[in-house]
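Chemist: Sequence:
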Amino acid sequence: MNLAGNKALVTGADGFIGSHLVEELVRSGCEVKAFVYYNAFGSTGWVAHFPEEIKSQVEVIQGDIRDAGAVKQAMRGCKLVFHLAALVGIPYSYLAPESYIDTNVKGTLHILQAARELGNVKLVHTSTSEVYGTARFVPISEEHPILGQSPYAASKIGADQLALSFYHAYDLPVAVIRPFNTYGPRQSLRAVIPTIISQIASGARRIRLGSLHPTRDFTFVKDTVRGFAAVAASPRSVGQVIQVGSGYEQTIEQTARLIAEVMDAQIEIEADQARIRPANSEVERLWADISKAKKLLDWQPEYTGEEGLKRGLSETVQWFTAERSVRYPNPQAYTI
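Counting along the sequence shown from 1, when you hit position 235 you're at 235 in full-length UniProt numbering, and nothing is skipped either side.
It should be emphasised that the hints constitute simulated quantities derived from the structure, not laboratory data.
Hints should not be assumed to be uniformly reliable.
In the DSS-like style, the derived pairs of lysine-lysine whose C-alpha atoms are separated by at most 30 Å in a straight line are [said to hold, decoys possible]:
{"id": "1", "residue 1": "292", "residue 2": "310"}
{"id": "2", "residue 1": "72", "residue 2": "7"}
{"id": "3", "residue 1": "7", "residue 2": "294"}
{"id": "4", "residue 1": "79", "residue 2": "310"}
{"id": "5", "residue 1": "106", "residue 2": "7"}
{"id": "6", "residue 1": "292", "residue 2": "222"}
{"id": "7", "residue 1": "310", "residue 2": "7"}
Put together the whole structure using the sequences plus the hints.
Modeler: Here you go:
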């Protein structure tokens, strides 16, 4: 499918990855509807910060993914739907698991039902590497067993399986994209890379973090959104689960020290018990096998290996410091 000239709906457009995806699609020639979370403040999240040349080409729709009628109305006229709207904070899922089922599972069901009823819609559904739990083998392929080690992960497993069931049961053209740990400008300070950057930028040299030994496949947001576009454009993606990652693994501690190097800072790291997951819930190792994406989509990351990670971190640091995003009362405070 040629993206140019087609109308696309992006749910979760006000968020980190969703906002970058909207910009990518506009630059690809898509007509874009940005579905953002309705709130009493009238905030449209990161959509409000788009350059004018992007903002002027985006139709913003405020709504709630939990409202089936609002979802269906927003989808009218669209041939592509990128479903990113979700609750994503793992710590909060321990406290409020029901809200994750309502948003992540039932919200996805509303998207699927609307796509089926409206017809002529290709759906790109967003998964997460958290569905695997701790790796049983690495690098992790799409054939790896799935295991919900947090309520968040369980809700995403449920949403993924619902999406695939609509492909098998109703022949709905669904593709599941499974990003690994995306980072970059606009990411929440709750995520590990932004919290390290914000602490260092605020002048702290004793950096508070949770577990240091788990590994992650950190993927720069530009690569992730190119993956979304490639999944949407390829007819070979229908009915498939396709991972996008950097293909490179590094521990949290190594990442913190690389950020310190990029920011020219000497740091010490101290454990903050509030940031440590329950023992059986910690995902110890994530490292993506991206061979399927390379084969089916002709996609590959541009930010890979230590050099690529360092380059992506440099761009991320530059954004956070230039945007003065570290101006928070206490960057070392932990917010669930």
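Chemist: With reference to the structure, classify each hint as holding or not holding.
Modeler: Status of the hints after comparison with the structure:
no.	hint	in the structure
1	292 x 310	holds, 25 Å
2	72 x 7	holds, 15 Å
3	7 x 294	holds, 26 Å
4	79 x 310	violated, 37 Å
5	106 x 7	holds, 24 Å
6	292 x 222	holds, 19 Å
7	310 x 7	violated, 36 Å
This entry does not satisfy hints 4, 7, going by the numbered hints stated previously.
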